[in-house]
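Participant: What follows is the residue order along each chain.
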Amino acid sequence: MSTEPLLEVQDLVKHYQSGGWLSGTRQTTYAVNGVSFSINAGETLALVGESGSGKTTVGRTILRLQEPTSGSARFLGTDLFDMPRSALRKLRRRMQIIFQDPYSTLDPRMTVGSSVAEGLEIHRIVPRADITSRVHALLEEVGLDPDDAKKYPHEFSGGQRQRIGIARALAVEPHFLVCDEPVSALDVSVQAQILNLLLDLQRDRGLTYLFIAHDLAVVRHIAHRTIVMYLGYIVEEGTTDLLLTTPRHPYTQALLSAVPDSEAAQVADRIILPGDPPSPSAIPHGCPFASRCFHPEKDQRCRSERPVLRTLGQSQVACHYATEEEA
Amino acid sequence: MGVPTPPSSPLLTVNDLHVVFSTRDGDVSPVDGVSFEIRRGETLAMVGESGCGKSLTCLALLRLIPPPGHIPPPSQILLDGQDILTMAPEALRQVRGGRIGMIFQDPSTSLNPVLTVGSQVAEAIAAHQKASKRELKTRVITLFEEVGLPDPASRYGAYPHQLSGGQRQRVMIAIALAAEPDLLLADEPTTALDVTVQAQILELLDRIRRARGMSILLITHDLGLVAGRADRVAVMYAGQIVEEAATEKLFQSPAHPYTRGLFASIPKITGPKQRLAPIPGVVPRPSRWPTGCRFHPRCPDVLSQCAATAPPETRPAANHRSWCWLTEQPKAP
Ligand SMILES: Nc1ncnc2c1ncn2[C@@H]1O[C@H](COP(=O)(O)OP(=O)(O)OP(=O)(O)O)[C@@H](O)[C@H]1O
Ligand SMILES: Nc1ncnc2c1ncn2[C@@H]1O[C@H](COP(=O)(O)OP(=O)(O)OP(=O)(O)O)[C@@H](O)[C@H]1O
Ligand SMILES: [Mg+2]
Ligand SMILES: [Mg+2]
Chain F
1 MSTEPLLEVQ DLVKHYQSGG WLSGTRQTTY AVNGVSFSIN AGETLALVGE
51 SGSGKTTVGR TILRLQEPTS GSARFLGTDL FDMPRSALRK LRRRMQIIFQ
101 DPYSTLDPRM TVGSSVAEGL EIHRIVPRAD ITSRVHALLE EVGLDPDDAK
151 KYPHEFSGGQ RQRIGIARAL AVEPHFLVCD EPVSALDVSV QAQILNLLLD
201 LQRDRGLTYL FIAHDLAVVR HIAHRTIVMY LGYIVEEGTT DLLLTTPRHP
251 YTQALLSAVP DSEAAQVADR IILPGDPPSP SAIPHGCPFA SRCFHPEKDQ
301 RCRSERPVLR TLGQSQVACH YATEEEA
Chain D
1 MGVPTPPSSP LLTVNDLHVV FSTRDGDVSP VDGVSFEIRR GETLAMVGES
51 GCGKSLTCLA LLRLIPPPGH IPPPSQILLD GQDILTMAPE ALRQVRGGRI
101 GMIFQDPSTS LNPVLTVGSQ VAEAIAAHQK ASKRELKTRV ITLFEEVGLP
151 DPASRYGAYP HQLSGGQRQR VMIAIALAAE PDLLLADEPT TALDVTVQAQ
201 ILELLDRIRR ARGMSILLIT HDLGLVAGRA DRVAVMYAGQ IVEEAATEKL
251 FQSPAHPYTR GLFASIPKIT GPKQRLAPIP GVVPRPSRWP TGCRFHPRCP
301 DVLSQCAATA PPETRPAANH RSWCWLTEQP KAP
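In the order they appear, the protein sequences are chains F and D.
Heads up: the first sequence is residues 1 to 327, going by this note's numbering.
Heads up: the second sequence is residues 1 to 333, going by this note's numbering.
Just so you know, these hints were derived from the structure itself, not from any lab.
We put the beta carbon where it would ideally sit given N, CA and C, even for glycine.
Every clue listed holds true.
Computed, partial: chain F to chain D, Cβ under 7 Å:
id	residue
1	51
2	218
3	276
Construct all of the structure, not just a fragment, from the sequences and the given hints.
Facilitator: This is the structure:
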């Protein structure tokens with residue numbers, strides 16, 4: 001692992017406008033509100049948080065599949081957000097994305113072989129004559145049969161389609177993969193197969209992952225560092241082991257306590273958070289988590305002043321009252 | 001209410017349940033000989049991977065299998081000794097949404113988008129009990145309180161789209177509870193929800209079960225969800241129950257290689273970090289179910305007889321059933 005970050009994101013903001021002025025229904029969704037982080041080469045950084053906390057938006061804006069509202073993202077020394085689309089195309093090759101449901105992104109009328117070959121052709125990765133053998137090698141690398149190249153997506157199970165999505169992403173020899181909930185829709189046995197595959201590929205190819213997930217146990221198995229998001233803000237960041245053994249932010253503590261644990265008998269002291277997260281169209285003034293927070297010292301300050309990330313031990317925490325002591 | 005029933009007496013007994021679909025390629029039985037009991041006041045969890053037949057089993061209990069599917073003899077579903085499968089339409093109506101309530105995975109598809117949530121719950125009450133409009137409204141608001149909907153009185157007139165996913169699931173639970181059922185069928189009631197909201201809903205179901213002495217059939221593909229929440233667990237694979245035990249027993253000493261494989265596939269949040277040991281392959285489709293033990297092509301402990309002959313019911317311990325040739329073997333001294 002090198003110390004120079006492969007990707008460095010600063011103050012990323014993404015607001016969506018929806019509705020129309022005419023109908024008077026115009027509203028702004030504050031999806032991502034100033035997120036900064038960096039990822040080293042060969043590292044896996046996990047983004048976790050509830051539905052709507054802005055995880056996918058972060059992943060997609062970094063790849064400029066969506067335009068950011070503001071901020072910067074340096075990748076291999078260049079600012080992705082400053083770059084004209086033509087120059088971006090070349091860099092795309094180095095950055096790929098795997099989706100939760102690869103079925104919706106695979107063209108149902110294209111054979112699996114042509115889907116995987118597409119990137120090879122566009123970016124002229126190998127001479128034309130070698131495309132077929134490269135496709136076969138890629139399918140084997142992700143645990144499929146070379147004969148599968150002739151088949152169509154509907155002939156495959158969810159886990160196999162996820163493998164096809166991975167083969168397609170790997171074809172262009174990326175350095176960096178955004179994995180957006182790649183195992184969430186899969187059965188546990190298939191989920192474990194895909195997690196092992198992603199770990200092996202990282203070992204063999206030195207890949208760097210931004211791994212979006214909502215399952216902390218999955219994150220524990222794949223990510224070196226973890227960022228917890230809530231309503232478009234980072235509330236805690238640290239090494240995965242530290243975050244899961246000594247969570248500092250009350251939201252991280254609640255998230256961890258809600259994990260269904262096949263070994264835990266300690267159901268009694270589960271933290272059950274009240275209510276739902278506020279709407280990202282009406283973000284509260286103070287701490288975004290204040291409405292559901294159970295911290296004994298929660299007070300007026302939490303409702304009026306937004307806590308910024310500060311260093312606590314070896315983690316970064318955005319909470320006025322988090323301490324280094326055990327919760 | 002007359003003589004109290006012993007707490008362990010079965011409320012529901014399912015014997016040799018089959019669900020058959022006739023297709024162009026012949027008949028398939030996605031549920032193929034399932035037997036189990038649900039006792040009064042207990043939670044039975046039914047777990048297994050996608051396509052194992054959990055939802056069809058659940059639908060069959062209310063005779064809600066969509067045509068051309070049917071439930072052939074000798075299937076029996078006894079509710080207090082009365083076979084639901086042979087009930088007259090009026091008696092069946094009393095059972096559906098009456099003695100047996102049901103909630104589904106996706107609350108957004110099961111609520112009517114153009115009716116207020118209050119009127120939908122009121123309708124569920126009125127279908128089984130006589131009450132004036134005023135009484136109905138009071139009862140709905142009480143139910144909303146019981147399921148923890150914030151601001152219950154003002155939620156009466158809300159439409160489904162004005163509620164969050166977790167709140168809609170609470171409304172669905174209110175509907176299922178409207179007729180004070182003895183049994184609640186909960187088919188993946190939290191799969192579409194965030195983990196923190198998931199914890200709220202499971203907690204709620206458990207509180208209501210204890211308060212009302214109701215039984216719950218909790219269907220889930222997530223074994224982890226079951227710990228500390230179900231009394232017993234039945235594990236399904238390819239249309240059949242392969243193992244059944246008290247929850248703690250199943251977690252401590254799973255007997256069936258499929259159950260053990262499920263545990264080995266689940267990443268743990270505590271303890272030593274190991275490479276996951278997934279079950280290879282996938283659940284086959286019902287038209288392709290293997291001969292003998294249906295798990296044998298994926299089984300790490302397969303024996304010579306497994307492909308040819310289906311294993312008998314074995315008892316690795318008291319109140320612990322497993323259908324596997326391994327547990328049938330005489331134990332080594
Ligand atoms: N194209 C869009 N237009 C308008 N709003 C959007 C758009 N995409 C996302 N949003 C909103 O932005 C917020 C963040 O969404 P995002 O998809 O990034 O969340 P997420 O953390 O990935 O959630 P999930 O776990 O459900 O995938 C949500 O409120 C969402 O409704
Ligand atoms: N209407 C139908 N016609 C034909 N086959 C069906 C029908 N409904 C379900 N099946 C098949 O029956 C099998 C069992 O389905 P079921 O929905 O009960 O599975 P499940 O265990 O609930 O899975 P999941 O976890 O995905 O909900 C599946 O293979 C499914 O494809
Ligand atoms: Mg997302
Ligand atoms: Mg189902």
